[in-house]
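> These protein sequence lines are chains L and X, in that order.
Mapping to numbering that gives the first Met the number 0: the first sequence position 244 is 243, numbers consecutive.
Mapping to numbering that gives the first Met the number 0: the second sequence position 239 is 238, numbers consecutive.
Be aware that a few hints might be false.
What the hints assert, rightly or not - Here are the simulated BS3-like cross-link-like pairs (lysine-lysine), alpha carbons at most 27 Å apart as the crow flies:
| id | chain 1 | residue 1 | chain 2 | residue 2 |
| --- | --- | --- | --- | --- |
| 1 | X | Lys263 | X | Lys178 |
| 2 | L | Lys176 | X | Lys287 |
| 3 | L | Lys176 | X | Lys154 |
| 4 | X | Lys168 | X | Lys300 |
| 5 | L | Lys176 | X | Lys104 |
| 6 | X | Lys113 | X | Lys69 |
| 7 | X | Lys84 | X | Lys104 |
| 8 | X | Lys227 | X | Lys18 |
| 9 | X | Lys227 | X | Lys287 |
| 10 | X | Lys209 | X | Lys178 |
| 11 | X | Lys84 | X | Lys171 |
| 12 | L | Lys176 | X | Lys69 |
| 13 | X | Lys104 | X | Lys69 |
| 14 | X | Lys263 | L | Lys176 |
| 15 | X | Lys84 | L | Lys160 |
| 16 | X | Lys314 | X | Lys287 |
| 17 | X | Lys30 | X | Lys129 |
| 18 | X | Lys256 | X | Lys300 |
| 19 | X | Lys263 | X | Lys227 |
| 20 | L | Lys160 | X | Lys168 |
| 21 | X | Lys287 | X | Lys343 |
| 22 | X | Lys300 | X | Lys171 |
| 23 | X | Lys84 | X | Lys69 |
| 24 | X | Lys178 | L | Lys176 |
To be verified - Facing chain L, a subset of chain X residues (Cβ under 7 Å, in silico):
| id | residue |
| --- | --- |
| 25 | Ala54 |
| 26 | Asn70 |
| 27 | Phe82 |
| 28 | Tyr127 |
In case anyone wonders, no lab produced these hints; they're calculated from the structure.
Don't be surprised by glycine CBs; every beta carbon is placed ideally from N, CA and C.
Below, each chain spelled out in residue letters.
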Amino acid sequence: MKTPRALAIPYAVWVVIFTVVPLGLVIGFAMTDPDGKLTLDNIFAMSDYMSVLFRSILFAIIATVICLILAFPAAYIISRSSAINQSTLIVLLMVPMWINFLLRTYAWMTLLEPNGLINKLLGLIGLGPYNLINNSGAVILGMVYNYLPFMILPLYSVMVKIDQSVIEAAQDLGSNKARLVRKVIFPLSMPGISTGIIAVFVPSVSTFIISRMLGGGTNDLIGDIIEMQFSGNSYNPHLGSAMALVLMIIVLFMMSLFNQFGSEEDVVL
Amino acid sequence: MENTIISLRNAVVEYDGEKILKNISLDIIDKQFVTLLGPSGCGKTTTLRIIGGFAEMASGELFFNGVNIKNLPPHKRQVNTVFQKYALFPHLNIYENIAFGLRIKKLHEDEIRKRVGEMLELVNMQGYEKRSINSLSGGQQQRIAIARALVNRPKVLLLDEPLGALDLKLRKEMQIELKRMQQDLEITFIYVTHDQEEALTMSDTVVVMKDGMIQQIGTPQDIYNEPKNAFVADFIGESNIIDGVMHKDFLVEFAGKNFVCVDKGFEPDEPVDVVIRPEDIKVVTQDKGAIVGVVENIVFKGVHYEMTVDALGYKWIIQSTQSEEVGSVIGMNVTPEDIHIMHKSEAE
Ligand SMILES: Nc1ncnc2c1ncn2[C@@H]1O[C@H](COP(=O)(O)OP(=O)(O)O)[C@@H](O)[C@H]1O
Ligand SMILES: [Mg+2]
């Protein structure tokens, strides 16, 4: 006989194979040395990489904020357009996501290079060439470009549910545009905002491809350092696992802080 | 002393090339209860949205106290709206919903608390300040929507079928309360409904609309007793509408007979609609009746009987205090004052 419990078994198996076991392995590697002895040295070794960790978090925060600022009006405009325009705009938004992530980032390299497309165009009107690549700005640009849809989509999906007559009621009661956004649209979009922030922040803080391709080696992020522990000359999966673990704990901590803040906000408003 | 507060001049509204409002002109008298009445889709909501600032006119003017406010955005207009679907703010509790407009006016918190309190009392919802919107019934949400609009002390309140979602008993109660509020607060109400009974019982002025055009503007008595055309007569209460021919002034032929009437000014032998209210027909014996017919069915309506009588194929609706046998042949009489002659409307 099939009970609800029995129905849950496939999911439980899935979770064990793809979440619990890998997590256990990461923790196991992080807490041992190459001889298999328990140790906290790997965790303490993180202190050498504090500046990289800090930079990763800073870049991710900046990218997330820029995404939010860009996505909020975009999502609102999409959510208020006609049904046909809505689906067209959403598809247009997703088309770049169907192109390989590496390819998309390569494309930015050829655009931003000293003799890339943008500098060539600027040269035509007698400007430049500018240093557009291999700096922190290019890395953040890469993050914003790649992860912006992850902010727009959840925002759009909550905004499209806001009843037009609620917006009209706010105007009717005297709200100008700024007040309408601040007092009605923003609070009603809160669930989409928190989902979007997580969806942009988490991949941004752990990326290594974007920083490697657009950062020029001087803007390594924690993701690059972790990746090197598994594939580079400095092969050390124990240190790599410790870094991954610390990063994960920091992300979880920030998310829970943020959620706390978010849910309090809801009550106050 | 009558003072026009809102004046709509030649309003035309088009959606996708289709004319929704066809040249509507309407004067709203200050402190009156004005009702826009008409079947669904006739343009009542659109008319209200023009006044509220949410719909644009292709052409036409809108004056508020003599000032053209056609291009004024909604948040700057001295009108407030009670929306069809209440449109309360789901993220705010009841107190904050009602206080919303007052906070924009930057009133002192003490004043806000006092006014919100007054409003909750007015709509009979004291003690609900902290409750969430979702915990309220439809009727309660409607009261909060009314309070949220009235707390701003607008000159004009727009109400779009505010009682449409309520059950009959609650609707009757709210009709009385709304009328009381309107009279106590001395605010102009522009009220939209498709319910003719609601319109007749609540209004000072009724505006009957059809297909984006105004059919008649008048007091409920005018509209009921002197309908301008067959559409109004039929929409306002039940009517018998019979094809007739106006031979000359004061003489009309219908149901195969000539009748003396009180109307004049038609073309000789003009085809007309003859409108007779069911309660204006007197049942007499067969030999004394101008029109003779067979009773097809009879229903007891509490105060009177309502019967359907077939005479020469036309089914007459008649109200009478005395009952008749189904199948019996009766006579019907009508006095000249109760025969209303109308031009055939071109729209049909
Ligand atoms: N935004 C709109 N776009 C297209 N057609 C509309 C729009 N709003 C209303 N209409 C049309 O205008 C007509 C009148 O609508 P409305 O004013 O809502 O009528 P009522 O309130 O009397 O039922 C209807 O046929 C409706 O379909
Ligand atoms: Mg309507």
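> Check the structure against each numbered hint from earlier and tell me which ones fail, lowest number first.
1, 2, 6, 9, 14, 17, 18, 20, 21, 24, 25, 26, 28
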